[in-house]
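Assemble the complex: chain A is given as a structure, and chain B must be docked to it using the hints.
Number of protein chains: 2
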Amino acid sequence: MSAGYGTLTAIGLGPGDPELLTLKGLRLLRAARWLFAPVRAPEAPSYALEIAWPHLDLARQQVVALVYPMPRDGEPDEAQWRANARLIAAHLADGSDGAFLVEGDPLLYSSFTPTLFTLQDEFPSLPIRIVPGVSSIVAAAAQAHLPLARLDERIAIVPATSSRRALREALERYDTVVILKVARHFEALLDLLESLGRADNAILAERVGTPRERLERDLRALRGQALDYFSLVIVSGGWANG
Amino acid sequence: MSAGYGTLTAIGLGPGDPELLTLKGLRLLRAARWLFAPVRAPEAPSYALEIAWPHLDLARQQVVALVYPMPRDGEPDEAQWRANARLIAAHLADGSDGAFLVEGDPLLYSSFTPTLFTLQDEFPSLPIRIVPGVSSIVAAAAQAHLPLARLDERIAIVPATSSRRALREALERYDTVVILKVARHFEALLDLLESLGRADNAILAERVGTPRERLERDLRALRGQALDYFSLVIVSGGWANG
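Heads up: the sequence lines are chains A and B, in that order. Heads up: the first sequence runs through residues 1 to 242, numbered per my numbering. Heads up: the second sequence runs through residues 1 to 242, numbered per my numbering.
This is chain A alone, in the form it adopts within the complex (with noise of 0.2 angstroms):
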């Protein structure tokens, strides 16, 4: 008599404003019964979930948390990925829809990757739908009007954590290079930039779109301030000014 799993729908929210949400997602998220919003810790905020939030219905939407905690030296936390897969499962098995809530992109650096492979290996049977969303890049590129790639040109992704080297290469090879979560990385990246001379057609940017937002076109005005988790850097190719 079971009628199966019902869908998990990973919604890419975008990167922080509602109203860059797509229309499928949106549909999709009011249809869901079931909200898995990620959090760091118990009882932690979710950024997702800040982002769903005008667009939720509360008298017959419930969240459920799903806890995703910060990564120590890389190391992935495959127990928890599991605990979750679980949790998501025993909340569809009656055949209800539940939407996995991601802010950007559910397949670009988010919670959803570790769990869209569990779920795979675990619960074969449970049908699974990704919504693409736009990026936290490609917003803070059109905030601040700094184009990302034209014709033949070459990008590069790299989150500041990767070694110095790594950094280096990319940015003498790329005509543009992303940097993501650069944070307490940003003095060492800055001076990298520096020393390359690629500082002067970069912006930094942080929560585009949401009243934290903050876009900066003076790197070195920067130099020993707080940045956020969610800080990229953009290091444009210059042919605008070319």
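Misleading hints may appear alongside valid ones.
[What the hints assert, rightly or not] Among chain A residues calculated to face chain B with C-beta under 10 angstroms, some are:
| hint | residue |
| --- | --- |
| 1 | A44 |
| 2 | T161 |
| 3 | Y174 |
Derived from the structure by calculation, the hints contain no laboratory data. Backbone N, C-alpha and C fix where the C-beta goes; we use that ideal spot for every residue, glycine too.
Quick look at chain B alone, frame taken from chain A:
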């Protein structure tokens, strides 16, 4: 008595499915008097206009085609860009607003970027707003359930017209490599992927979310086939199977 120029809003329409437009994009698309649609040649169809079509109200909105010829040997047609910028400015001179229609995202390999700079140079008082969109890259990954990056992984985005050396270096050094505009470069690319042992964890995608969508997980099966200009290949890090 001049009210000044109306606002030009570049709207990222997403990869092809009209439902992957954002709420903000829809609102500003509907508010525009003039719809600037890029085409490759006079009378040629506009892919961007095709995506926007279901959302338009042509009783009060009017389409203006802008010709952006296919670049020859990477040489931009700056005279044509200036003509397009002047056409835009002429339509907005009475204070009415316009939307520049862009498939995907406006600052990622689009016809809008050259127009942005030409407008800023020649009509600095014309207000410009940019609404980011879902790129074909994240849409293809979503459709294929293929992660682009997690944690500290690095991504390279490289047009297939790049040198063999640049393609090889990207494939050797980056976890995920996205190769754009694959079409007639496909056989050479496949040879390179096979020689580097990276042909297995890759997909080819065309026109995701449209009736012409194509998604191929076995690149070798594509030898000898004609591919769309908008084809892209995503070579994944493969950690999903690791």
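Hints, one by one, checked against the model:
1. A44: violated, 19 angstroms
2. T161: holds, 5 angstroms
3. Y174: Check passed: Cβ of Y174/A comes within 7 angstroms of chain B, closer than 10 angstroms.
In summary, the one numbered hint that this structure violates is 1.
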